[in-house]
Every structure is written in structure tokens, then in C-alpha cells.
Amino acid sequence: MTLCESVTLLDAGPPREHPNQEPTAHMDQQHIRNFSIIAHIDHGKSTLADRILQLTETVSVREMRDQLLDSMDLERERGITIKAQAVRVAWKGHQLNLIDTPGHVDFTYEVSRSLQACEGALLVVDAAQGIEAQTLANAYLAIENDLEIVPVVNKIDLPAADPDRASAEVADLIGDDAEHVLRISAKTGQGVADVLDAIVERIPPPTGDLEAPARALIFDSSYDQYRGVVAFVRVIDGVFRPREWLRAMALGTRFEAQEIGFMSPTNRPVKTLSAGEVGYVITGLKDVSELRVGDTLTSDRGGAVEPLPGYKEVKPMVFAGLFPTDSDQYPELRDSLERLKLNDAALFYEPETSQALGFGFRCGFLGLLHMEIVRERLEREFDLDLLVTAPNVAYRVRALNDEQWVEVHTPSDLPDAFEEVEEPYIKASIIVPKEFVGAVMELNNDKRGRFDHMEYLSPERVHLTYELPLAEIVLDYYDQLKSRTKGYASFDYDITGFQTGNLARVDILVGGEPVDALSLIIHREFAYDRGRLLVEKLREEIPRQMFDVAIQAAIGARVIARETVKARRKDVLAKCYGGDVSRKRKLLEKQKKGKKRMKSVGGVEVPQEAFLAVLNLNEPAKK
Amino acid sequence: MGGARHLYVHLPFCAARCGYCDFVTVVGRDDQHDRYVEAVVREVELERLSLAAEVETVYLGGGTPTFTHATALERLLRALPPAQELTVEANPETVTPELAALLAGCGVDRVSLGVQTFDPQLLQTLGRRAEPDDVPRAIAALRDAGIEAMSVDLIYGIPGQGETDLEHDLAAVLALGPEHVSAYELEAKPGTRFTHAHGVELARQGEAMEGYFEQVVETLTGAGYRWYETANFCRAGDRDLRARHNLGVWLGHDYLGVGVGAVSTIGERRWRNAPSLGRYLAALGTGLTPPREYEELPPETRRVERVMLGLRLDEPLPLDGLRSVLDAAELEGLAGLGLAIRHEETLSLTPRGRFLGGGVTARLLA
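Protein chains in written order, with our numbering: chain A, -5 to 617; chain B, 24 to 389.
For the record, the hints were derived by calculation from the structure and aren't laboratory data.
These figures come from a predicted structure and were not determined experimentally.
Just so it is clear, CB atoms sit at the ideal spot from N, CA and C, and this is done for glycine as well.
All the given hints hold, so there is nothing to weed out.
Footprint (simulated), chain A over chain B, 3 or more residues, beta carbon under 8 Å: (1) 229 to 240; (2) 272 to 281; (3) 321 to 329; (4) 379 to 386.
With the Cβ distance kept under 7 Å, some of the chain A side facing chain B (calculated, not the full set): (5) Met540; (6) Phe541; (7) Arg563; (8) Lys564; (9) Asp565; (10) Val566; (11) Ala568; (12) Gly572; (13) Gly573; (14) Val575; (15) Leu582; (16) Gln585; (17) Lys586.
Only chain B is shown next, with the shape it has when bound in the complex (with noise of 0.2 Å):
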């Protein structure tokens, strides 16, 4: 058995937490940063017949995995295992000098700067804290202090937000130049304090979402960005620059995931670990796998996601060990209606495809 090449390591703290985030985070227990990542490095321990000898990525998320005490931090990356791509996600805030050369220093050699938006009312009605200039000097201290591959994460569909403020935005991350940019609109889940204090005016940027996604999709391509993923784009040319990390997951690799909160899929298994920080606390602290939750993943279940995710990516699905999750009729209408394109082994949408991607895939399913 292999295991898995793509770890993933969540650090829930936070300084704040923002109204619309749906991830596990943690405000406050500034005094269990040290405690936390020893129990994570303790789960790396315990899980480390599920990784393979050689692992492909290692990817911090947060949470703000930057809030980290830099003490706690450097322990941390110090304690992981070597990876061809090690991610850190970062609010622009956070990025000082210093913690560039910390990251850098560590081997870090990719960040994901959650950014946003550079509108200051905006990033406000998110509740993020990073001022619209503390993004460029973010990204200049991590270039200074070596690290190659920047992400910029924006978001869409703002109660407040227009066309023109969007333009802004995509305008803003092209002057930067960012290798890689993801793009999301804004998901606000029902029955949150911010979905109830923002009602009407989410439904308003939920009419507009389509014209959004063209816009961004329009022009980051426009600009020479390669859309090689549903909400993510990286800039075209010689070199890879997709985020190998999470391509693994879309591929349907196995990843393990350790942290509170944190997922793992490996073979016919996927778990979940506690969402409570004092429950993997104690639990890792008795030396104890923390609890989780279980999902059965039989194959025909990771073919079905195989093919949901793999739909999401601009290169083409192959079709081999795919075909009895698939309808070949709806696949010939698809084809049909210019949405889907069928090559002998392999199957991809078309543009106009890819953005009716949710439709396209539950009709393509059999």
C-alpha cells in the first residue's frame, strides 16, 4: 500500500472570525498554539503508515495558519515531512519580514494570501482585517525573502459589491501578478449571523453571481491566466504553476488530513476528525488517535467524486474505469448541446460547459 502523497494540516486560530467563514477556527486560547502543534505532529506520527515514504504536498490551512505563534510555527513545519510543494495560507496582515523569512527559511515555497477583496468597505462587511495595502507589501516581503509561488484568494458576490468593484478587484490582482489566483463567490450559509444580517442584499448579489463568474473568468483568461479549474486559475506558460496540492484532490487522489476539523481520504475511507479543539487536544494528548467520524468510500463512490471533481478541471476526464458511473446517452445529448466533448478515452466540457459544470455532471452520472 502506498498512502497518501498530499498531506493537509489545519492551524484553526484566528485573530477574528469572519462572519461569512464555514471552516473550523478558533478566536482566542492564544495560550494553546505550542500545545496544538504538538498534538498535530503527534497525529503525523500516529498516521504515518497512511503517507507514503515520499510526500507530494504539504499544504497549511487555516484558519490563519500565520496567527500562529512563530515559535509554534517553525516547530511545526520543522516536525513535517519534505514535500515538492509546501503551501502556507496567510492573511496579508500577518506577512511581516520576519515571518516571510521564517516560512522561507523552512522551506516554505508557495503562500496562499487570502485577500479577498482591496475594497476597504468590503473587506469590513467580511470582517477580514488587512488593509488594501497590506497585500502588496505582503506579496513584496515574501518575494524578497524567496518564495516563488504567490496565490491570491478573491471573493465575489459581496453584500455591497458591483460589476465595477469586481473589475477593481481583478484589476488590482493583475498589477500584482500573482502565479496563481482563486476565485470564489461568496457561499453564505442560511441560518448565519451574517446570512440573516445581509438577507436581501445576498439574494441581490446571488442574481448577479452569473455575471460575476463570467467576468472573472473573462478576464483573468483575457489576461493570460489558464481557467484550469472551476474557481481556479494560474498563470499560463512554461512551468506548472497549478496548486499541486489541491489538483491532487481533484484527481481523486488520497490525502491525509490532520488538525481539528481536519478530513483525510485514503483507499475505501474517509474521516473526519472532531471539530472540538479540546477533544483532539486531549485525545492527542493521551498519545490517542483523536476522535472522528467515518464515511465508507466504496469504490464506485470514488469513482462518482472522481468524476465530479474531475469535471471541474480543464483537462480532459479519462474515460477508463469511469464508464459505469456515467449515462452514455445524456453524454451523447450533452454533447449535443455543446456542453460536453467526447474524445475516444477521454471526456471534457466545454467552456460554456464548465460553467453549467453542476448540472452537466449530475445529468452525466448515471
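In isolation and in its complexed conformation, chain A is listed as follows (with noise of 0.2 Å):
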């Protein structure tokens, strides 16, 4: 979520020859400039950060390259800084903050705190395809924001291009001229200054109240070994200063800056952080979830009575079951997890139980793809093996004769009955050529969606918006309509609260006994179906036994598919003399270690793998 990668690393170095001003450390409000890089991921965003940084000089082109050869080495020597979240360049006389926003879905929060961190944004389209659902979601939170947005059409150097069809989508998403929309190319540099111009003349100032009591907006943090939490802020009005005693005001967490400063790319304290300006604040917090992004920072004596508005907490939507495939690797598991929520704030994990797959973690995620990473990050970084239950959302359940509402995490802890459940909804935004209009219609039906609304946003491609309870999605939709768009389709969601679902657990008995990490919660009308499919699946997995062993389905005390395991007529070697008594004792003990690898079930061995291969039938698409 780094700006751009190779620059983040970067010392401040030998002083250097500019011929634009420093940037420099106060500024009168009229000369700053706060924005954003909106766009779908591959349409350039670092690409044109990067050509930014070198036009205005804040990196040279041979520092740059010379930077990314030597970035290991670096890294080594000082230990990894602070990543660039804003960086602060300089451009005929006026301060510009680029602020950077996490690229994708499950970060809508985030990406709304720093845009409300700014005045405007270029809102960059990729000339060849125009726009994506991401665009669009990120620009309408933009909209939402009241920033100024400045239409770029990138990769007009691409055969492919078409920049006036481009243009013209653009320009009617943000109801602007087409002639406004700036054609440029940011891997050639093609019109890169003119999009810095535009920056300075379209962007308003900040107008922030220099002499009112400080306030800041948390738009991000970060972790750093040595200096501990880091906030990202941009000051809103006041004045900030080093060795300060800040508050942050929804958590209350109290704290000494440590220091204070921007970064250029890389950090520079500064004595004064003023109203509109965008930098850090050193806390020597020990917790990034001490500091909340969209939380308000204050002076702790005399500061801001109101904060700024707009702070929610965040809270985790899809849960899964994180298990060590080796049992032994659990406190790798716990350590690794306590690392990473170091810098994730909105990771959630909890110890987690299972019969089936042993100790492991119930973790909650603000998304698919939030999870992918965590769990990508665990596997490749902390090199462990893991087990991922099949993801499921938070229900909100009413239990019998209860008013209050109790959050559940896991399908086992539906009770059997209950008042009310809810399931969380989105709106989903899907753009498609509208040849597949009618397949992602009846994709959408499928999946209990409710049509919304639809536009052409050029007579090619259709935007369309539906609601969509979360668990679809978690399920397999991303698969679905890639496979059903041929991968047209571009989809972004938002999540818009909890409603009420005909919603059942269905559990899976093995031997009469609910193994646990089976259970799930799903709409009444498909409970059968998959009740059925996981039954059949666990039956060719389970090896025969003993004795005949029942796999059934149940809702409650009722059983919805069944499906049986014969009992094995025959477990023996049939010859055995003087010659092979070691080779068949060899034999049994290998037999006994198999075994012990077994999980008991009802007192039904089954083998780990019967459990993955049906956790593997729910395993939602990698999108």
C-alpha cells in the first residue's frame, strides 16, 4: 500500500541541487495542496506517483534506480523507516501532499479517511479500459468527501488507447467537460506537468483555523520496531509540536510526540505541523490499535472540544478458522498473528478449539481479500503451514424471549433456535460489457441479490448495482462471475448494514457427533443442496471402518441428507510366517502412527484430509 516502493527507503542523503524550492517545512495555507491518486489497480497509480516524484525533484532518476538496487542494503543499515503514506513535494512555490489510499475493496473506510484527509483527487482511467467498479466506488466516495477531482486519462502512448471514449466515460461520471480531462502517459511523462499545474489550480487550499486548538485526522498508521506506532495526520487547524502531550479523542489513548515531521520522501521532523499540512507523529504507542484511523488527534491540554466527524469503528465482517496444519507450529501461529496485528489494526483473532483440526485461531477479516493477505503473509512470511475453514460473515442473532442482539462468529455458535438472525448486506457495483448483463442478472438472483440499479456508462458497458447479503459473496461469487463474464466483469462493494436472513445451521454429524468445523449457516432454500454436497463429499473421504458410519446433515434435531460409510469386512494380511514377522510388525506400527494422525470423531477416525477436501468444497475463489 506503499506509495511506490522504491522510494520509500530513501535517506534524506547529501544535500541536493533543486531547482524547484524545498519542500519546506511551514507554508501559508494558500500554497498547499492536499490530494489523492484514485484508480483501479494497474491504471498507473504508481507509475504517475512515481513521475511525480521525479518532477518535482524529490528523487532524481539515477537516485531512484540507484535506491532500488540498494534498497536491501538499506534496509539492513536502518532498519525499515516509516512507509511513505504521504509524501510532500514541492512545485512552483506551493507545498503538494500526495496522500496515498489502500488499493482495494475491503479498506472503503480507510480509503474514506484519506480522502477526507484532502481538498482533491486525480482520479486516474486507464485510456484502453476505461472505467472499473473500483473507480467508480472510490470516486464517489470522493464525491461523497466534496473534493475537487481531476479527471486524468492514462496510457495514451498504448495502441490500445482510446483516450475519447475514455475521456468521455470520465467526464460523465463526475458530470464534467470531456475537454477538462487531462490526456497524459506517466510511464512516458507525457503531460505529467500539466497535471501537477492542475493540481495547483483546480485543488482549493486548505482552509483550516490556524488559531483555533489543534486537531488532526488519523488517515493511517503504521508500526515501526523501533519507534512504535506511527499516525499518519493531516492537520486540520491549529498547531502541533514535538514533545507535546497529545489525546487521541475517541479512544482516549494519551501520548508524548515524540517527534513530529513529514516525510519527502523519506522523514523530516519539523518543529511546527500547521493547519492543512499533511506529516507524521511519532507516539511511542506500543499498540496500533491504541490509535484508530479516522480518530481525531488534540493537544491533551486545551485542545478541540469537537472532534472531526466521520470516525466508526471497524469492525471484522468474515471470520474463518486459522489452524496449523502441524500442531506443533500453534505458538509460531499466535506469535505470528500477534506480529502482524501490530501493523493491522483490523485483524481480530481469538484462541479457537476444534475437534476436527485441534488449536488454531478464530480470526476476523474486513474482507475476502483482507483475509487472503493476512493469510498469505502468514504462510509465505512466518513460513507456516495453515488449515483456513471455510470463511463465513458476523451474524447478529435475537435468541428466544431476548431483546438484546449478540454478534456470532462461528456457525457453531448459532443456537439451535432463535428470534431473529441478520446477515450483512453490500451493494455491489458491477460494470460489465453489456453482452453479460443477463448472466450477471441471474448470477445476482442466485444469490439472493436485489436488483438496484442500472446505467450505461457508455453504449458498450453497464453499470449495474445491486444489494447482496455478504455470506454470497464470501462464498463463491468472485468465481462465479469471472467464470460467468469470462472475466469482464469488474465488481467493488460496500457494506451497508445488517438485515434480516431466513438463515439455518446446518451441521454435519459424523457418527452422530456435530463435527464442528463443518457447521454452517445458510439461507433455508439452499440448505439442502449443500447439506447433500458436503455429505456426499465427506462419505468418498472417510475410510471404512469397523462398523458402518453414518455422515448426515441436520438442521437441529432434523436430518436433511445422510449418507453411509459401509463397515470393512477385511483389515488383515493374509500370509504371515517366520520370514516377515518384522516386515508385518513394521506394518502395525506404521498402522498405529497412521492412526494417531486421525482425528476421532464420534469414534470415527477420519483422516485430516476428509476435512480439508470438504473445507475446500466452501473455499472461496482467490480473486
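Both chains come to you apart, so use the hints to assemble them.
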């Protein structure tokens, strides 16, 4: 999520000759511009950011290349400093702050906070691809935040580029004139200076009150192993100084600002950060959860009374059990989650014990992608071999004769009987070529979607919005959408809240005993088919035992599907004489060991592979 | 120290190698029979302290013991210590009235015939040289010579075999009325040419194996045979017709094995002679013990083996001294499933428990 990897580790280095003035420590608000870049993945956000850094001589071409090569050494020498969440550059007497936005769907809230820190945004669209769902979602967020949008069509140098069509789409989206859309190639640098000029000309300067009590919006934070939690802030009013005691207004966290500064692109400590400016505050806090994105920083004494609007607590919506494949790795998994959590306040986890999968953690994520990121980091960076249960969403349930709503994160925790259960819904935004509209509508109907809106972005491309249960997205929506639209659909969503659902908990029973890890909450209409599928799969996977094994799917006490693994009739080696007693004994020992690797459920020995196979049925498609 | 009361002698020579066989066998080298027998006799002498003063059983296995030159075979039989049971394995086609007389004259009182099947097609698949008619002829010759105890070996699960074929084989065996029947499933070793040649069909046979096993046990017990060991049956009646030599192994007794590739288990040690004929002959030619591979068998391991082997038998396993290797909770569980029966001092398996003997034993062992 850093602006561009190659420049994040730069040292201030020896003094440089800049034709432009150095980014200054302080400047009156009239000469400050704060902006973000909104772009779909691969539409050229990083390249444009790099080009801006070069053109403003924040980094030289030679340095970019050299630093890229040296970055590993630098990392070793200095320890990783701070990821560049906001870079200050100078352009024609102005201070421009480029604020990075997280690139994907699960971080809508974080994106909205980053946008709140700006007065304007560059909306970058690929000249060949046109608008994508993610572009739309973030553009709407920017419009909601009253940002001045500077439309940019990028990659006009590509042979497949259709700048006219892309410009028309963008202009239509933001209600602007197509003439106003800048046409550039970030790759070649063509038109980038015009972009910088447009930022100065079109984006309004901040209008904070320099005399008011200090207030700053936290739009991101990270953890530095030497200096603790670092907050990235946009100062709205007043002035912040180092060694001053500060307070996060929503959480009440107090700390002494150990250092304040800005990045250009490396840390530049300053004596003041004033209204309109963007920078960082080194807090010395040891836990990222003590500072939340969206919270307001103010002076502890004589500080502001009113926090900035828009703070909300981000709650995980997607849950899954994470278990080490090798139970010996449990302590490593715990330590790794602890370390990930340092930099990821949205990650939630608590110990979970499953009779089928052993000791692990129930983890909460903002969404599927967040889950994938965490899983991948655990496996790649921490070298863990993980078993991930089918993800489920958070449910709200009201027990019988009870007014109280309780949140349920594990399907097996849903009671057999209840007054009412609610599930999270999303507003899905889908852009497809018009020939796939039917396919998408059909998919959304299958997935309990409610049609909301349809509009033609161009004669060829259609934007559809639907209301859908998040649970359906979590199951296999991405996969389905991709295959039904031959990969042409672009998709984005926003969680809208909880709604009542006709839901039930389906248990899978082996030998009459429910297998906790395989329970699922599902719409009653789909319960039978799903139960049937799971039970059939499990029958294939469970080896025959010494007795008949019943495999059932049940809602409460009602069995909705049943299969039987017939008992073995023979399990003995036919021949055993003096010459091969040792070999037979070793086979027996192996058989015993194999048995120990089995999990016993209802007296039935079930190989872990059987659970895996069933869990894989529920595995969401990777995006 | 008592020494082993059971002696096994391995005679590796064969006319041809059968594809499925995994014993140490030698084809050709017909000029080595005499030398080999001398070496074996020498090994028995070297190991005389390993043997008890009175040997209970002697068993000549192979290979094809009756393929060994008659003079060499006779020399061997006469050199071996006397025993209460002297068994020789034989292939039906090798049994002539002369051979039968030779065996009987040397004190052989039990012959184990490697029949495997009566179906010519299946015999060919196995690489056996006997014709179906050889079997009754061999048995008649042996009985005429005065040898009383006949054992017939059957194999089931042969590529191309079906339930009806097995039914015919079992009927043919019953018509001959041998005192003893051994019936095994075909165990094709992975990686062998045989397995390669019959891969798909072997997999199909594997699926059918549990049905065959039931068919064998039902047919033979139905005809009055006692299912006294997982793969072994003997005619029931006043006389105990079980194979005493193998019974010794299943009861966990010590045994001495001589000859190339032979295995011995005595006290806390098990050893296997090197399977190379050349090395065996070379060592004993100079009066030395053949090269061997040793395995330590602590008492606990022997107890485990005692349980593993003992549960293959129909007679109850005495628990005395074996409790340390048994899992009491599992025993209760298996009794609950109707697979095992726990008496005061013994443990036995129900018929269904015996069909599942491998899994049951794995659970019973602590």
C-alpha cells in the first residue's frame, strides 16, 4: 500500500541541487494542496506517483534507480523506517501533499479517511480499459467527501488506447466537460507537468483555523519496531509541536509526541505541523489498536472539544478459523498473528479449539481480500502451513424471548432456535460489457440479490448495482462472476448493514456427533443442496471403519441428508510366517501411527484430508 | 538355555521363477545343489547350540525343495536332527512315486503342496508349471508312500479370477480332502514386473478381496475345516492337524532358520542370512557363519509380536505377561463393537474381529 516501493527507503542523503525549492517546513495554507490518486489496480497510480516525485525533483532519476538496487542494504543498515503514506513535494512555489489510499475493496473506510484528509483527487483511468468498478466506488467516495476531482486519462501511448471513449466516460461520471480531462502517459512523462499545474489550479487550498485548538485527522498508522506506532495525520486546525502531550479523542489514548515531521520521501522532522499540512507523529505507543484511523488528535491540554466528523469503529465482517496443519506450529501461529496485528488494527483473532482441527484461532477480517492478505503473509513471511476453514460472515442473533442482539462469528455458535437472525448486506457495484448483463443478473438472482440500479456508462458498458448478502460473496461469488462474464466484469462492494435473513445452521454429523469445523449458516432454501453435497463429499473421503458410519447433515434435530460409509469386512494380511514377522510388525506400527494422525469424531477415525476436502468445497475463489 | 525347538531350512532352487513370488529363489545353478546342501548342513552344525536338545518340528521350504536333486535332498534330510513333525514343501509336478518314497523313507510325515489354483489359465498367469491333474496324482503318490498329512496351498485374487473360479478351486480342494489348507490372497509387490503387467486387474482384484476371503472361510468351515489361523485351516476332529511348525511361530516360540535368506528368532535377537547364494556358499565353504543382518528384539517387542501373531489364531490369547502392551480402553471399545471377547485371563477375537484382525490389533496395542 506504499506509494512506490522504490522510494520509501530513501535517506535524506547529501544536499541536492533543486531547481524547484525544497519542500518547506511551513507555508501558508494558500500555497498548500492536498490530494490523492484514485485509480483501479494497474491503471498507473504508482507510475504516476513516481513520475511526480521525479518531476518535482523530490527524487532524481539516478537516485530512484540506485535506491531501488540498494534498498535491501539500506533496509539492513537503518531498519525499515516509515512507509510513505504521504509524500510532500514542491511545485512552483506550492507544497503538494500526495496521500496514498489503500488499493482495495476491504479498506473502503480507510480510503474514505484518506480522502477526507484531501481537498482534491486525481481520478486516473486507463485509456484502454476505461472506468472499472473500483474506480467508480472510490470516485463516489471522493465526491461524497466534496473533493475536487481532476480527471486524468493515462496510458494514451498504448496502441489499444481510446482516450476519447475513456475521457467521455470519466467526464460523464463526474459531471465534467470531456475537454477538462487531462490526457497523459505516466510512463513516458507526457502531460505529467500539466497534472501538477492542474492540482495547483483546480484543487482548493485548505481553510483551517490556525488559531483554533489543534485538531488532526489520523488517516493511517503503522508500527515501527524502534519507535512504536506512527500516526499519519492531516492537520485541520491549529499547530502541533514535538514533545507536546496529545490525545486521540475517540479512544482517549494519551501520549507525548516524540517527533513530528513530513516525508519527502524520507522522514523530515519539523518543529511545527500547522493547519492544512500533512505529516507524521511518532507516538511511542506500543499497540496500533490504541490509535484508530479516523480518530482525531488534539492537544491533551487546552485541546479541541469537537472531534472531526466521520469516525467509526471498523468491525471485522468475515471470519474464518486458522489452524496450523502441524499442531506443533501453534505457538508460531500465535506469535505471527501478534506481530501482524501490530501493523493491522483491523485484524481480529482469538483462540479457537476444534475437535476436528485441533488448536487454532478464529480470525476476523474486513473482507475476503483482507483474509487472503493475512493468510498469505502468515504462510509466506512466517513460513506457516495453514488450514483455513470456510469463511463465514458475522451474524447478529436474538435468542428466544430475548431483546438482546448477540454477534456470532462461528456457525456452531448459532443456537438451534432463535427469534431472529440478521446477516450483513452489501451494495455491489458491477461493471460489465452489455452482453453479460443477463448473466450477471442471473447470478445475482441465484445469490439472493436485489436489483437496485442499472445505467449505461457507454454504449458498450453497463453499470449495475445490487444489494446482496455478504455471505454469498464470501462463498463463491468472485469465481462465478468471473466465469459467467469471461473475466470481463469488474466488481466492488460496500457493506451497508444488517438485514433479517431466513437462515439456519446446518451441522454435519459423523457417527452421530457434529463436526464443529464443518457447521455452516446458510439460507434455508440452499440448506438441502449444500448439506447433500457436503455429506456426499465426506462419504468419499472417510475411509471405511470397523463399523458402519453414518454421515448426516442436519438442521437442529432434523436430518436433511444422510450417507453411510459401510463397515470394512476385511482388514488383515493373509499370510504371516517366520520370515516376515518383522515386516508385519513394522506395518502394524505404521498403521498405528497413521491412526494417531486421524482425528476421532464420534468414535470414527477421520483423516485430516477428509476435512480439508470438505473445507475446499467451501473455499472461496481467489480473486 | 533351551534353544529353538523349531528348525526351518530354506532350499531356494526352482525350475522357474513365478512372477508373484517374493521368497529367495534361485533359477539355474543346478550344479550347486550338492554344495548348497553341504553348506546348510554345516550351518546347522555351527548353530547346534541354538537348537534345543529335542527338536519338535523341521520344515523344508523354498524355493521348490523337491526340485533339489534327489541325492542332495536325501543327504540333507538324513543330516537334519530328528523331529516330531517333518514337513517338506513340494510343487505338484515334481512329485513322482520315487520322490514320495524318498521323502517317506527319510521320515517326512507332512507335505505342503503349492497348488495355488486348479485353473490352467490362472496357473499360467501365475507362472506355475503344474497341470491341474498333477495335484491328485501327487497326493495319491504321497499317500501311497505312507505320508499322512497333506496340506494344499491356494491363492486367491489372481488376475482374471472371479468368484466362480474360486468356488471351483475350493470344491477341487475339498474333493481331495487334504488334512490342511492354506489360503492366501495374492500379494503383488509394487514395482515388480508382475504388478506392472497386471496393474488394473490387480486393483480390481483388490476390491474383490474381502468377498473372496469371506468365501474361503465360509466354504472351508462349512465343509468341516477349523479356521485356526487367519489363512490356515485344518480338518477338525480328534487329531490336531494344525501345522505344528508354523503354530510355533504364531505362538511366539523361538525358531532357527538355516539356508540362504532364512530368518531366525532366538531370545532377544532375530537375524536374517544374506539373500545372496554366492556369499552364503562362500562363507560356509570356509566354515564361517554366513553374513547376517541382526535385529534386537527387546522383551517388549516380542510381546507386541506375541499379540500380533497370537490374535491370528482361533485359540484365546493368554493375557498373562502381555498386559503392558495392551490398551485396556481400546479392548473395552472393541468388545463393545463385538470384535473382541475379553475373558478373565485370555482375549480372543470374534469371527468378525478376525476378519478385521489387522485393524483390531493396531487398536489393541498400546
